[in-house]
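Protein chains in written order, with the numbering used here: chain V, 18 to 368; chain S, 369 to 847.
Warning: the hint list may mix true and false statements.
Subject to a maximum C-alpha distance of 27 Å in a straight line, what follows is the list of computed BS3-like cross-link-like pairs (lysine-lysine) [to be verified]:
| hint | chain 1 | residue 1 | chain 2 | residue 2 |
| --- | --- | --- | --- | --- |
| 1 | S | 542 | S | 645 |
| 2 | S | 645 | V | 349 |
| 3 | S | 816 | V | 349 |
| 4 | V | 103 | V | 122 |
| 5 | V | 359 | V | 349 |
| 6 | V | 200 | V | 243 |
| 7 | S | 645 | S | 390 |
| 8 | V | 200 | S | 390 |
| 9 | S | 816 | S | 645 |
Since the hints were derived computationally from the structure, they do not count as laboratory data.
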Amino acid sequence: MNAEMNSIQPVLITIGVALLFIVLLWPKSGLLPRLRKTRQYTERIQIEDTLKHIHSREMEAQQSTLQSIAGVLQTSTNHAGDILAKMEAVVLLNYEEERLIYTPKGERAALHNLRAHRLWERYLADETGFGEAEWHDLAEEREHFLSAEDIDLLSERLGHPTHDPHGDPIPDAAGEYVSHGGKPLPSYESGTRLRIVHVEDEPGMIYAQLVAEGLYPGMQVQIIEKSHERIRFWADGDEHILAPIVAHNLSVIPEPDEKANAAPYSCQTLACLELGEQGVVLGISPACRGAERRRLFDLGVLQGATVQAEYRSPSGDPTAYRIRDALIALRKEQADYIFIEKVPKVSHERA
Amino acid sequence: MNEPIQPGAEQVLAQARDLRWKISGNLHERLLEGIYTEASRLAERAVSRPDSPPRFDLDRTIDRLVTSRIWGFPIMLLLFTLIFWITISGANIPSGWIAHLLLDKLHPLLKNLAANSILPVWIQGLLVDGMYLSTAWVVSVMLPPMAIFFPLFTLLEDFGYLPRVAFNLDRVFKRTGAHGRQALSMMMGFGCNAAGVIATRIIDSPRERLIAIITNNFALCNGRWPTQILLATLFVGALVPAELAGLISALTVVGVALLGVLLTFLVNWFLSRTWLKGEVSTFSLELPPYRPPRILQTIYTSVIDRTIFVLWRAVVFALPAGAVIWLAANIDIGGLSVAEHLIDILNPIGLFLGLNGVILVAYIVAIPANEIVIPTILMLTVLLTGINSVGSGAGVMFELESNQATLGVLQAGGWTLLTAVNMMLFSLIHNPCSTTLFTIFKETGSKKWTILSAALPLAMGFIVTFLVAHLWRLIAAIT
Numbered sequence: 018m019n020a021e022m023n024s025i026q027p028v029l030i031t032i033g034v035a036l037l038f039i040v041l042l043w044p045k046s047g048l049l050p051r052l053r054k055t056r057q058y059t060e061r062i063q064i065e066d067t068l069k070h071i072h073s074r075e076m077e078a079q080q081s082t083l084q085s086i087a088g089v090l091q092t093s094t095n096h097a098g099d100i101l102a103k104m105e106a107v108v109l110l111n112y113e114e115e116r117l118i119y120t121p122k123g124e125r126a127a128l129h130n131l132r133a134h135r136l137w138e139r140y141l142a143d144e145t146g147f148g149e150a151e152w153h154d155l156a157e158e159r160e161h162f163l164s165a166e167d168i169d170l171l172s173e174r175l176g177h178p179t180h181d182p183h184g185d186p187i188p189d190a191a192g193e194y195v196s197h198g199g200k201p202l203p204s205y206e207s208g209t210r211l212r213i214v215h216v217e218d219e220p221g222m223i224y225a226q227l228v229a230e231g232l233y234p235g236m237q238v239q240i241i242e243k244s245h246e247r248i249r250f251w252a253d254g255d256e257h258i259l260a261p262i263v264a265h266n267l268s269v270i271p272e273p274d275e276k277a278n279a280a281p282y283s284c285q286t287l288a289c290l291e292l293g294e295q296g297v298v299l300g301i302s303p304a305c306r307g308a309e310r311r312r313l314f315d316l317g318v319l320q321g322a323t324v325q326a327e328y329r330s331p332s333g334d335p336t337a338y339r340i341r342d343a344l345i346a347l348r349k350e351q352a353d354y355i356f357i358e359k360v361p362k363v364s365h366e367r368a
Numbered sequence: 369m370n371e372p373i374q375p376g377a378e379q380v381l382a383q384a385r386d387l388r389w390k391i392s393g394n395l396h397e398r399l400l401e402g403i404y405t406e407a408s409r410l411a412e413r414a415v416s417r418p419d420s421p422p423r424f425d426l427d428r429t430i431d432r433l434v435t436s437r438i439w440g441f442p443i444m445l446l447l448f449t450l451i452f453w454i455t456i457s458g459a460n461i462p463s464g465w466i467a468h469l470l471l472d473k474l475h476p477l478l479k480n481l482a483a484n485s486i487l488p489v490w491i492q493g494l495l496v497d498g499m500y501l502s503t504a505w506v507v508s509v510m511l512p513p514m515a516i517f518f519p520l521f522t523l524l525e526d527f528g529y530l531p532r533v534a535f536n537l538d539r540v541f542k543r544t545g546a547h548g549r550q551a552l553s554m555m556m557g558f559g560c561n562a563a564g565v566i567a568t569r570i571i572d573s574p575r576e577r578l579i580a581i582i583t584n585n586f587a588l589c590n591g592r593w594p595t596q597i598l599l600a601t602l603f604v605g606a607l608v609p610a611e612l613a614g615l616i617s618a619l620t621v622v623g624v625a626l627l628g629v630l631l632t633f634l635v636n637w638f639l640s641r642t643w644l645k646g647e648v649s650t651f652s653l654e655l656p657p658y659r660p661p662r663i664l665q666t667i668y669t670s671v672i673d674r675t676i677f678v679l680w681r682a683v684v685f686a687l688p689a690g691a692v693i694w695l696a697a698n699i700d701i702g703g704l705s706v707a708e709h710l711i712d713i714l715n716p717i718g719l720f721l722g723l724n725g726v727i728l729v730a731y732i733v734a735i736p737a738n739e740i741v742i743p744t745i746l747m748l749t750v751l752l753t754g755i756n757s758v759g760s761g762a763g764v765m766f767e768l769e770s771n772q773a774t775l776g777v778l779q780a781g782g783w784t785l786l787t788a789v790n791m792m793l794f795s796l797i798h799n800p801c802s803t804t805l806f807t808i809f810k811e812t813g814s815k816k817w818t819i820l821s822a823a824l825p826l827a828m829g830f831i832v833t834f835l836v837a838h839l840w841r842l843i844a845a846i847t
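So here's chain V without its partners, still in its complex pose (with noise of 0.2 Å):
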């Protein structure tokens, strides 16, 4: 009796102290990285977030309140008043006429703060392999840790970038920039050629549905049909289909080079060829960035290079794919990332 009850006490403490590891350490929802979080939320970065919030009505021709505010920062119209009020103790606010708008140190403020954003953005998608739904969250968390110095540096070491991975432009260190000058994509018409200019990556719920789709900025883009419960539409190659509030975050424009216009848009991507199959490289997507893309151009993965389809995995994945006379394996999602055009299966032999 006595050894049992010994024996069933360590027992329950390890499970214990093992739920307890699980409560504290575990990424994201443990109450460590909570609390982590929220401990970094002081004063300064509210007062940031305020800024960036009032900028970013501005260019939407749109009144801050305070309850806007309030319910950016997520706390009570009590709390966001006392940051009003401080802000405008160091001159960066002022009401005029019942309306509240930054003075010029604000105004730079604010810029800096969506330069630093745009930066990590681009940073987070270019040089790391964080997925396209963490990239805002992450940025929004780490803009505010930068000195002028420091964006300046991470500007150049990303060779000074001009947009956000969203598409959205990147202030130079004087603040200017110029807009993509995108519409919506259902302002258009049916059959009009279009390249994506801006993915809105607010709110996560209808980012999250685009990215799925595997909608990014610079893909090409015609309307099939428009209706008011649906907008369907080509997205290199692929059919699309989603509500027009969802299209609405998609910001277009006109195709403006007239080359690409003869690019075929029933276009496949490598994963489409069966074994023995060939196909000719029109270009790889825009979503395939930084050292992967790097590492497809080094592998001759480049627009007129003929591929044939060798080899499957036993295990379904990879695929060995012939290229300028070197087989390379290439995962499913690598090879979906690239569009060719099937061309009719020709033997080796030359006349």
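Put chain S on the given structure of chain V with help from the hints.
Below, chain S alone, put in the same frame as chain V:
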């Protein structure tokens, strides 16, 4: 872009700013793509290829076979079983020779030599019984299997088969967030973890490479196979009738090795979702044409590059370890040796984990090389229990001629089946040896990843032995 270009730096700059937004997009990437495309166009034009008729393509035939749905995996399994079998059974004989030469012949000779010299007795012990003996031990256990395993492995590599293994297994590794090539560094790890860590150089994506480095520890290395085999034979094999004992103990060892593979997948999965989340990852795998292996060159390079290199590091670490072991067993504080004090302190923790103090002390002093764990345990047990007639004195490592005698010593040290099982588990999971850790530091250049590679398996080892011990005791209490 038709505006006339105006003179003056200001205007030029202004226009550049303006154009920057007009051109927009990934200018650099487009330039890069343009350069590559142009280069390939030039190459296409300049390089002429002989119009040879398609030769009978041996490569394709081999590839069809080794990557076939039906034959791919069985061929792989067969080849690796063969390599392991040749290594394990083939290494025994030269291992015996070297041990005979270094331990039975040279050791007494050196001892004699030292005894006749003017050196103080304690320095004689430190040098001959401590440093020399542990190094000789490591060399005799480590050298032959590595000298067999690595050349065989390199021959397969040279032939071009190994990339096909990665090709076949990639999907399994991908599911756990890793690269198919990790299969190869893992295989190499079965020979030696330090070599396995170096072998991760074939993985070009930094994230997948770090994963492969950190989890290489779970590939049961050469220094740990003998421990597993010995304990499985002594304790697990003894549970079943004699005619089944060999089979059951072999299966037990295979089971432990497979558990290691499972842990590799588990930790892969964990790392790629936590600490290594966000690191860049790329995939591509070149499948080179098959080549007839250059046997002599292969043997030369694998002996020089891998065997000698790893062995040298092991020796560098085994020398001081030998000294520490000898000193621990021979320095007295208040009538007891340092080792005995340590064992006393660690015994409660050891027993709590289903191990014992001797095992923990042996693992601490044997961090440099897993090969000396069993000899150290035997030595410490004898030191502690005061069994006479075995071994050759305090701080002198030894191995016993018969398994029965070894079992006797261990049982005198209070070993049970639980101790043996937990020792096997701990031996599989615990932190990599110092040679491997040093290699990890060299390869990653980061203290952070080196510490993680040591701390993570160590913590897992403690947790697993703890759970097993308590479940074991719980079940024992109920039945």
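Taking the hints in turn, this is what the structure says about them:
{"no.": "1", "hint": "S:542 - S:645", "result": "holds (14 Å)"}
{"no.": "2", "hint": "S:645 - V:349", "result": "holds (21 Å)"}
{"no.": "3", "hint": "S:816 - V:349", "result": "violated (34 Å)"}
{"no.": "4", "hint": "V:103 - V:122", "result": "holds (14 Å)"}
{"no.": "5", "hint": "V:359 - V:349", "result": "holds (17 Å)"}
{"no.": "6", "hint": "V:200 - V:243", "result": "holds (16 Å)"}
{"no.": "7", "hint": "S:645 - S:390", "result": "violated (36 Å)"}
{"no.": "8", "hint": "V:200 - S:390", "result": "holds (17 Å)"}
{"no.": "9", "hint": "S:816 - S:645", "result": "holds (15 Å)"}
Checked against the numbered hints above, the structure violates hints 3 and 7; every other hint is satisfied.
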